[in-house]
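Q: In case you want the letters, here they are:
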Amino acid sequence: MRTPIAYFVLLSGILFALGTVGVLTRRSALLIFMSVELQLNAVNLSLVAFSRMHNELDGQVLAFFSLVVAAAEVVVGLAIIVAMFRRRSSVDVDDARELRW
Amino acid sequence: MPLDDVVFWVFAPIAVASAVAMLVMRSAVHAALFLVVNFFCIAVMYLLLDAPFLFAVQIIVYAGAIMVLFLFVIMLLGVDRGEPVRERLFAQRGLALALAGAFVVELFVALRAGIGFSTLAPEGFDVVNEPGNAQALAKVLFQGYFFPFEVTSILLIVAAVAAMVLGQRRSRAATQAELDAMQDEVQDEVPA
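Residue numbers (my numbering), protein chains in the order written: chain F, 1 to 101; chain X, 1 to 192.
Bound-form chain F, shown alone:
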């Protein structure tokens, strides 16, 4: 293991920033959701990198938990998107604005 830890953290930061750009700029609920997945993965990568840096396995356990929670979140999120599509036959987030003043 010769690659410096900082490179992994920087890569995870770049991927997180790209995911944020996706969440902020895309219109389709599905693509926003994919960008959120990208962010979750980026954070997982930094958790594993820090676990390696401190010679502890707790970071990997936390990454494992976040993976499980992400799986549950995807199931519920996609079900909400399907329900939204059934109601208004569009997944454009700009169309869903009943709760906006």
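Hints are not guaranteed to be accurate.
[As the list claims (entries may be wrong)] Partner residues are not named here, just some residues of chain F that face chain X (Cβ under 7 angstroms, in silico):
#1 A17
#2 L30
#3 I32
#4 V61
#5 A72
#6 V74
[Claimed, not checked] To spell it out: a stretch of chain X is covered by chain F in this simulated footprint if at least three of its residues, at any positions, have a beta carbon under 8 angstroms from a beta carbon of chain F; those stretches are:
#7 27–39
#8 57–66
#9 116–130
[Unchecked claim] Counterexamples of contact, computed for chain X against chain F with all Cβ distances above 10 angstroms:
#10 V20
#11 D50
#12 T152
#13 D180
#14 A181
I should point out that these hints are in silico values taken from the structure, not numbers from a laboratory.
C-beta atoms are modelled at their ideal positions from N, C-alpha and C, and glycine is treated no differently.
Based on the hints, put chain X in the right spot on chain F.
A: Relative to chain F, chain X alone:
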């Protein structure tokens, strides 16, 4: 150049490029496929960080199960039409890119001031991973984190039930009323 560095510098640019490609793709299916590439690259990073168990889990759960679910929903809904290019908020895209760039620069500066870009990972992770990554991880998981582990099992059951509730048709009462109405129509037509 050590082998680890070679692997890192091959897969890190692919990860970033596939993330960028995912963002600029108009079609949802293409975006999902680029996301799969990105997940594979992150899995390789786990391997470089001596986490082979998470490498396998990442490929099975993320690149396998979750992305298949995504593709299934995209094709079920048939929403692969692309989206309007016009911005609805003023300078939304530019601001988002600027803020993301600022975040990366900030992280770079913080890392340079903090651990620095030449700090190698400490030796002795083999001892932590004894007798194997999966076994060592299981020991930590089931000794220190047993209660959170059980809570996640409840979370998964709740999520499965929630998905079934959200996924079913509007309301059973309305469907039954529609069925009765249809039957009435049929009965009206028969005598005539």
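Q: Looking at the structure, which of the earlier hints fail to hold?
A: Structure breaks hints 3, 10, 11, 12.
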